[in-house]
Amino acid sequence: MTAKQLSWLVPTAVFANSAMADDMRLNLTKGVTDISSSVYDLHMIIFYICCVIAILVFGVMFYSMLHHRKSKGVTPANFHESTKVEIIWTAVPFIILIGMAFPATKTLIEMEDTSDADLTVQVTGSQWKWHYKYFDHDLEYYSLLATAPQQIANEREKSENYLLEVDRPLVIPVGKKVRFLITSDDVIHSWWVPEFAVKKDANPGFINESWTRVNEPGIYRGQCAELCGKDHGFMPIVVIAKEQGDFDAWMKQEVEMARIAKEEEQKLLAMNMSYDELMKVGEKAYIANCAACHQVSGEGIPGVFPALKGSKIAIEDLGAHIDIVVNGKPGSAMQGYGKQLGLKDLAAIVTYERNAWGNNTGDAVQAAQINAYLTSQ
Amino acid sequence: MSSIENSATDHHDDHEHHGAPKGIMRWILTTNHKDIGSLYLLFSLLMFFIGGAMAMVIRAELFQPGLQIVEPNFFNQMTTVHGLIMVFGAVMPAFVGLANWMVPMMIGAPDMALPRMNNWSFWILPFAFLILLMSLFMEGGGPAFGWTFYAPLSTTYSGDSTAFFVFSVHIMGISSIMGAINVIVTIFNLRAPGMTFMKMPLFVWTWLITAFLLIAVMPVLAGAVTMVLTDKYFATSFFSAAGGGDPVLFQHIFWFFGHPEVYIMILPAFGIISQIVPTFSRKPLFGYSSMVYATASIAILSFMVWAHHMFTTGMPLAGELFFMYFTMLISVPTGVKVFNWVATMWRGALTFEVPMMFSIAFIVLFTIGGLSGLMLAITPADFQYHDTYFVVAHFHYVLVTGAIFSIMAGAYYWLPKWTGHMFDEGLAKLHFWLSLVSVNVLFFPMHFVGLAGMPRRIPDYATQFADFNAIISIGGFAFGLSQLLFVAVVYKCIKGGEKATDQVWEGAEGLEWEVPSPAPYHTFETPPTIK
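So the sequences go chain by chain: A and B. Just so you know, we're using the working numbering here: the first sequence kicks off at 1 and counts up by one. Just so you know, we're using the working numbering here: the second sequence kicks off at 1 and counts up by one.
Hints are computed from structural coordinates only; laboratory data are not their basis. Note that the structure is a prediction, hence the values are computed from the model and not measured. Treat the hints loosely; a few may be bogus.
In silico DSS-like cross-links for lysine-lysine, where the CA-CA straight-line distance does not exceed 27 Å [to be verified]:
id: 1; chain 1: A; residue 1: Lys106; chain 2: A; residue 2: Lys176
id: 2; chain 1: A; residue 1: Lys133; chain 2: A; residue 2: Lys329
id: 3; chain 1: A; residue 1: Lys284; chain 2: A; residue 2: Lys267
id: 4; chain 1: A; residue 1: Lys252; chain 2: A; residue 2: Lys262
id: 5; chain 1: A; residue 1: Lys84; chain 2: B; residue 2: Lys199
id: 6; chain 1: A; residue 1: Lys339; chain 2: A; residue 2: Lys312
id: 7; chain 1: A; residue 1: Lys70; chain 2: B; residue 2: Lys429
id: 8; chain 1: A; residue 1: Lys158; chain 2: A; residue 2: Lys284
id: 9; chain 1: A; residue 1: Lys72; chain 2: B; residue 2: Lys429
id: 10; chain 1: A; residue 1: Lys284; chain 2: A; residue 2: Lys176
id: 11; chain 1: A; residue 1: Lys70; chain 2: B; residue 2: Lys499
id: 12; chain 1: B; residue 1: Lys499; chain 2: B; residue 2: Lys429
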């Protein structure tokens with residue numbers, strides 16, 4: 001090999017090396033499951049094969065570019081076919097591909113085997129949050145982006161896990177086969193945690209299955225991977241894997257807290273909250289749940305999301321207003337919040353929407369009114 | 001009878017003397033394949049800059065984490081319309097323009113077979129894109145559901161611009177189908193005596209096969225957009241589970257169009273490269289017939305791999321295996337093509353004029369895109385790559401450094417034949433080198449951020465991706481600005497320059513190089529004889 005040939009190979013090799021470095025910033029993660037590790041191996045094998053092919057093909061081409069130049073006074077050859085060569089370069093790639101297909105098939109079969117799960121979690125995507133429901137446990141909750149809007153608007157310094165943090169992560173035990181039943185309430189989302197090598201679309205009206213068995217306790221972050229509308233970039237996934245004992249303790253505590261919250265809510269029915277308190281709670285709940293579409297200003301986005309400021313719904317018939325907040329509007333992006341939020345928040349949101357931005361109806365809606373509406377359905 | 005013959009002869013005499021009519025009406029009423037070819041090419045150049053401007057908006061927003069310049073909803077409109085404009089407005093019309101100019105001249109035909117339809121298929125295009133672009137200014141903005149317009153985001157959850165989007169895609173489809181019919185009829189009927197199928201230049205062959213792909217899949221796209229329209233406005237439920245439909249059905253229909261569409265945008269590129277490499281290697285194309293068979297195999301296989309875009313939708317295992325194997329198989333005929341180009345260069349007498357530089361860049365960079373495509377075919381790995389910037393890197397390597405570079409190569413190759421002048425080589429070389437460097441700064445780091453986990457189609461991202469995104473954006477701005485040089489080269493070349501010979505390039509062979517430069521308004525009114 002001449003020095004000139006080598007000089008072409010060096011940059012290629014340097015690139016290959018830097019890409020191989022086990023640095024999360026450049027390469028695929030090895031992840032924390034057996035499957036993700038097999039996927040990483042497949043990725044590296046096919047990457048090396050591609051590098052070898054590229055070096056050979058480009059090597060021959062660059063050799064030709066250096067040595068077969070007209071300026072070197074060469075006379076062009078006149079050959080233009082060779083059945084032997086053509087059969088070789090059809091057959092050899094074919095054989096390489098068959099070699100590649102075997103490990104890929106093996107891994108794929110393992111990935112698709114969702115049988116014998118120890119724990120099942122239903123994952124439901126909706127615009128723009130995830131909902132987790134544990135089977136065999138009395139626990140379900142929504143998981144929302146926890147990054148402050150001021151960070152997104154560059155008004156505050158960005159936190160370490162900017163856009164990759166949620167208020168309530170999914171918690172699963174390590175060493176157990178956890179099955180995910182993935183679906184959606186509205187558009188298609190895709191539940192992706194790179195460290196598990198799990199990416200599965202959440203299709204409205206259908207349930208997809210996937211699974212993982214995490215080897216190490218830790219916090220694993222992912223994002224929605226299918227364009228799902230305006231805030232597609234703002235619905236992260238956080239999964240905490242805990243030892244079985246810790247998981248059990250966590251589960252017990254969560255179930256207990258959910259029970260207490262329900263009791264509190266019942267107590268609330270007998271109480272009247274003051275207008276000011278409703279407005280205060282309402283503003284917070286509105287910004288967390290409604291402002292993504294209707295905007296903090298209540299003006300919505302014309303032609304996409306309707307304004308609440310001065311709108312009929314928020315000013316006129318209270319029953320219709322409660323109905324749309326609780327049940328949503330079928331066939332539109334307006335989801336029903338009856339199952340997502342507690343009575344207090346629902347009452348406060350309706351109150352807030354009827355009084356903020358100069359709507360000034362003076363209505364103070366109480367939890368009992370929402371409850372009466374829910375029970376009358 | 002005799003009087004009719006006389007008048008026919010008179011008319012014919014007139015015909016020989018008149019050149020191009022003057023004024024704006026020349027362009028509106030023209031049925032001349034060269035005029036229509038120029039219209040297509042200029043239109044595509046305009047769309048390239050409009051789509052490019054949208055890419056600049058996208059890269060400006062992604063320059064830093066956080067939301068700075070645009071709202072997420074507008075960002076989604078930009079990614080959507082950028083994709084639609086580049087696919088249907090820039091790449092496809094550019095290839096149709098090249099076909100209009102070159103196919104008749106390469107097969108010794110006087111014009112396209114259906115000249116009036118040719119005029120019509122071009123002139124409906126500007127309206128299609130006007131409708132699409134105007135929808136951006138509607139209340140609520142233009143389409144924001146990605147160029148793949150997956151239901152139900154594009155049905156129940158989309159704005160009212162969807163109706164305009166559907167109408168606009170219908171017009172684009174009609175234009176493409178008419179263009180394809182014209183190419184097929186021309187090639188089947190107007191070849192000069194002796195120009196057998198296996199003597200046709202490869203650009204003609206690849207376009208013939210592309211035209212069949214277009215006729216096969218554009219109606220499928222028309223069906224998909226129509227179903228989106230009726231789901232949204234007329235209460236059908238093709239893609240809604242609530243009414244017995246299935247949102248995944250949309251993806252099957254879309255990608256049954258979409259994957260052949262990918263080859264529609266690359267097969268003519270293969271043809272262009274197969275014309276240019278032999279010319280500047282001064283050596284005949286290696287493996288002509290295997291090139292033809294490889295093109296046909298790719299076209300046939302393109303109908304059997306669509307669901308590799310949908311591995312994460314929850315397909316059954318058997319489906320995933322089938323589509324993985326067939327997708328891997330496509331790399332065999334594609335590999336044959338690359339090997340043939342390299343073998344053509346082997347022991348040639350190479351020179352490196354600008355068309356050859358773009359062609360060599362094409363071979364290297366398209367191959368990189370092809371190899372990342374092979375990686376994407378491996379289903380378990382695709383679960384990690386899918387909908388990340390790795391995919392964005394992949395398809396921009398095959399579409400920008402693939403399709404667009406081949407169009408640039410073709411434009412530089414035939415520009416002297418079209419204008420009669422040699423272009424400014426210094427400026428063109430500057431255009432090449434700036435494009436080559438910036439396009440890699442733009443798209444290569446996308447592989448890294450994709451592998452590191454950055455999803456595509458997001459207006460804001462985690463801070464770990466910030467460094468690479470800044471580099472990518474700088475590459476993007478540089479690549480965008482570099483393309484202005486292309487406009488300067490073309491403009492100067494039309495205005496004047498060194499007189500081009502008939503053959504233009506020393507090693508060029510084929511009928512188009514036997515007519516004068518610039519090619520007269522009417523060529524091959526009497527068919528040439530092919531030995």
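Tested hints:
Of the supplied pair hints, the one linking Lys106/A and Lys176/A holds, its CA atoms being roughly 21 Å apart against a limit of 27 Å. With a CA separation close to 24 Å, the supplied pair Lys133/A and Lys329/A stays within the 27 Å bound. This hinted pair checks out: Lys284/A and Lys267/A have alpha carbons roughly 22 Å apart, not beyond 27 Å. At roughly 16 Å between alpha-carbon atoms, Lys252/A and Lys262/A fall within 27 Å of each other, so this suggested pair holds.
For the given pair, Lys84/A sits about 23 Å from Lys199/B by alpha-carbon distance, which is consistent with the 27 Å threshold. For the proposed pair Lys339/A and Lys312/A, the alpha carbon gap of about 24 Å is at most 27 Å, so the pair holds. Annotation: proposed proximity of Lys70/A to Lys429/B holds, straight-line Cα distance about 19 Å (limit 27 Å). Pair hint Lys158/A plus Lys284/A holds up; C-alpha atoms about 21 Å apart against a cutoff of 27 Å.
With a CA separation close to 22 Å, the supplied pair Lys72/A and Lys429/B stays within the 27 Å bound. Between Lys284/A and Lys176/A the CA atoms are separated by roughly 38 Å; this puts the pair beyond 27 Å, and the hint is violated. Pair hint Lys70/A plus Lys499/B holds up; C-alpha atoms about 24 Å apart against a cutoff of 27 Å. For the proposed pair Lys499/B and Lys429/B, the alpha carbon gap of about 19 Å is at most 27 Å, so the pair holds.
Checked against the numbered hints above, the structure breaks only hint 10 and satisfies the rest.
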